[in-house]
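Protein chains: 2
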Amino acid sequence: MQVIPPALERLIADLTKLPGIGHKSATRLALYILRRPATEAKNLAADLHALHDAIHLCQQCYTFSETNPCMICGNPSRDPRLVCVVEEPGDQIAIEKTGAFRGVYHILHGVIAPIDGIGPEELKVRELYQRATSGTVDEILIATSSTVPGEATASYLADILKGTDVHLSRLACGIPMGMDIKYADEHTLAKAIESRQTVHRLI
Amino acid sequence: MQVIPPALERLIADLTKLPGIGHKSATRLALYILRRPATEAKNLAADLHALHDAIHLCQQCYTFSETNPCMICGNPSRDPRLVCVVEEPGDQIAIEKTGAFRGVYHILHGVIAPIDGIGPEELKVRELYQRATSGTVDEILIATSSTVPGEATASYLADILKGTDVHLSRLACGIPMGMDIKYADEHTLAKAIESRQTVHRLI
Numbered sequence: 001m002q003v004i005p006p007a008l009e010r011l012i013a014d015l016t017k018l019p020g021i022g023h024k025s026a027t028r029l030a031l032y033i034l035r036r037p038a039t040e041a042k043n044l045a046a047d048l049h050a051l052h053d054a055i056h057l058c059q060q061c062y063t064f065s066e067t068n069p070c071m072i073c074g075n076p077s078r079d080p081r082l083v084c085v086v087e088e089p090g091d092q093i094a095i096e097k098t099g100a101f102r103g104v105y106h107i108l109h110g111v112i113a114p115i116d117g118i119g120p121e122e123l124k125v126r127e128l129y130q131r132a133t134s135g136t137v138d139e140i141l142i143a144t145s146s147t148v149p150g151e152a153t154a155s156y157l158a159d160i161l162k163g164t165d166v167h168l169s170r171l172a173c174g175i176p177m178g179m180d181i182k183y184a185d186e187h188t189l190a191k192a193i194e195s196r197q198t199v200h201r202l203i
Numbered sequence: 001m002q003v004i005p006p007a008l009e010r011l012i013a014d015l016t017k018l019p020g021i022g023h024k025s026a027t028r029l030a031l032y033i034l035r036r037p038a039t040e041a042k043n044l045a046a047d048l049h050a051l052h053d054a055i056h057l058c059q060q061c062y063t064f065s066e067t068n069p070c071m072i073c074g075n076p077s078r079d080p081r082l083v084c085v086v087e088e089p090g091d092q093i094a095i096e097k098t099g100a101f102r103g104v105y106h107i108l109h110g111v112i113a114p115i116d117g118i119g120p121e122e123l124k125v126r127e128l129y130q131r132a133t134s135g136t137v138d139e140i141l142i143a144t145s146s147t148v149p150g151e152a153t154a155s156y157l158a159d160i161l162k163g164t165d166v167h168l169s170r171l172a173c174g175i176p177m178g179m180d181i182k183y184a185d186e187h188t189l190a191k192a193i194e195s196r197q198t199v200h201r202l203i
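Line order of the protein sequences matches chains A and B.
Take the first sequence: its letters are residues 1 to 203, numbered as in UniProt numbering.
Take the second sequence: its letters are residues 1 to 203, numbered as in UniProt numbering.
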């Protein structure tokens with residue numbers, strides 16, 4: 001019989017729509033929220049309500065930002081002539097965490113996936129081409145994932161950008177740092193052998 | 001550098017407070033919500049905002065409910081003389097799913113955990129004693145978890161209720177249905193042997 005109150009059931013249904021959260025986890029989360037003080041739920045509600053109103057796309061790199069240009073595009077210490085192309089803002093966050101990149105970004109907002117009906121028109125590809133041909137960019141580092149759709153998107157971008165005079169690069173593939181070789185998958189290992197690098201001897 | 005907009009950062013911080021959601025999962029969820037239409041975030045916000053206003057405790061069994069008494073306590077086809085004591089509303093939901101219980105409930109809202117400063121006064125124990133001594137209950141089925149605090153709470157309840165003329169019972173412990181015996185843990189197996197049941201021969 002109906003033991004879950006409708007208001008709780010609605011929240012569970014909302015939470016079940018989130019990625020990686022099934023009905024059981026959603027129930028657990030909803031009950032947890034209900035057991036906690038009402039102010040916590042109302043804070044979360046207010047932050048969710050404000051989210052889309054506060055955040056828009058930077059009109060240079062198309063990342064999520066409250067300002068236009070975003071903090072990175074507007075930062076004079078970043079190199080605007082080096083553009084790193086990523087699939088999603090989450091990838092940009094991951095790269096920023098390394099502190100190893102001093103250029104700017106271009107967010108595609110997805111990968112080419114014909115089965116899901118996502119072609120270049122659904123992504124920020126036209127905008128990338130415009131940046132590449134505007135004379136303001138020297139190098140484009142394609143940092144899509146090393147998955148099948150990520151590689152396909154990288155190939156497509158390389159194809160449309162090869163006519164421009166921009167230098168194209170791609171993230172290196174190989175053994176992850178700290179990984180035992182016997183646990184590396186065969187594709188990664190094959191790629192690491194193929195892309196092997198010359199060791200400079202210490203004299 | 002600060003690449004995550006403050007409004008997104010606030011939502012990530014809110015989500016990180018939920019059980020089982022670390023900073024990485026919270027970031028993934030928040031970015032997912034941001035990529036989806038604003039109406040979905042606003043729906044979730046509205047349901048969260050309404051949650052505590054809509055749901056209160058049933059004044060008979062102390063479960064979360066929009067009505068008082070709740071759907072179960074107010075249902076004339078349930079047996080009000082058989083009371084199942086559970087730790088949390090989530091346990092009640094699990095028992096209701098089985099369809100095997102036709103009585104009513106009593107929600108303790110926790111277990112006795114002296115280390116966390118939770119004694120019987122923090123739980124609905126006094127209210128259970130009042131129900132047990134009101135002459136309206138024949139049997140109390142203690143359905144706390146078979147964990148250390150669950151068993152301790154069950155012992156405590158059995159102790160305070162033994163002076164009443166209510167019949168006390170406890171959920172059976174043993175091998176889970178469908179489990180291969182060689183994978184059962186030794187405590188469960190020992191309990192199953194100790195609580196072995198007579199097989200009635202088919203003639």
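No wet-lab data here; the hints were simulated from the structure.
Keep in mind that a hint or two might mislead.
Lysine to any residue pairs mimicking SDA-like chemistry, simulated, CA-CA at most 20 Å apart [stated by the list, open to error]:
1) Lys24(A) <-> Gly22(B)
2) Lys17(B) <-> Asn43(A)
3) Lys42(A) <-> Asp53(B)
4) Lys17(A) <-> Asp53(B)
5) Lys24(A) <-> Arg10(B)
6) Lys24(A) <-> Lys124(B)
7) Lys17(B) <-> His56(A)
8) Lys17(B) <-> Arg36(A)
9) Lys97(A) <-> Gly99(B)
10) Lys17(A) <-> Arg35(B)
11) Lys17(B) <-> Thr98(A)
12) Lys42(A) <-> Ile93(B)
13) Lys124(B) <-> Gly99(B)
14) Lys42(B) <-> Ala192(A)
15) Lys24(A) <-> Gly20(B)
16) Lys24(B) <-> Ile21(A)
17) Lys42(B) <-> His56(A)
18) Lys42(A) <-> Glu151(B)
19) Lys24(B) <-> Thr98(A)
20) Lys42(B) <-> Ala50(A)
Small disclaimer: the values here were computed from a predicted structure and weren't measured.
Results of checking the hints against the structure:
1. Lys24(A) <-> Gly22(B): Holds. Lysine 24(A) to glycine 22(B) sits at ~18 Å (cutoff 20 Å).
2. Lys17(B) <-> Asn43(A): holds (12 Å)
3. Lys42(A) <-> Asp53(B): Holds, because 10 Å separates the two Cα atoms, which is no more than 20 Å.
4. Lys17(A) <-> Asp53(B): violated (23 Å)
5. Lys24(A) <-> Arg10(B): At roughly 26 Å apart (the allowed maximum being 20 Å), arginine 10(B) and lysine 24(A) break the hint.
6. Lys24(A) <-> Lys124(B): Judged against 20 Å, a Cα distance of about 26 Å means the pair is violated.
7. Lys17(B) <-> His56(A): Given that 20 Å is the threshold and the Cα spacing comes to 25 Å, the pair is violated.
8. Lys17(B) <-> Arg36(A): holds (11 Å)
9. Lys97(A) <-> Gly99(B): violated (51 Å)
10. Lys17(A) <-> Arg35(B): holds (13 Å)
11. Lys17(B) <-> Thr98(A): violated (25 Å)
12. Lys42(A) <-> Ile93(B): Not OK: lysine 42(A) and isoleucine 93(B) at ~25 Å, beyond 20 Å, violated.
13. Lys124(B) <-> Gly99(B): This hinted pair is violated, its Cα atoms lying about 25 Å apart.
14. Lys42(B) <-> Ala192(A): violated (46 Å)
15. Lys24(A) <-> Gly20(B): Holds, because 13 Å separates the two Cα atoms, which is no more than 20 Å.
16. Lys24(B) <-> Ile21(A): Within the cut-off at roughly 14 Å; holds.
17. Lys42(B) <-> His56(A): holds (16 Å)
18. Lys42(A) <-> Glu151(B): violated (35 Å)
19. Lys24(B) <-> Thr98(A): holds (15 Å)
20. Lys42(B) <-> Ala50(A): Holds, at about 8 Å.
In summary, the structure is inconsistent with hints 4, 5, 6, 7, 9, 11, 12, 13, 14 and 18 from the numbered list given earlier, while agreeing with the others.
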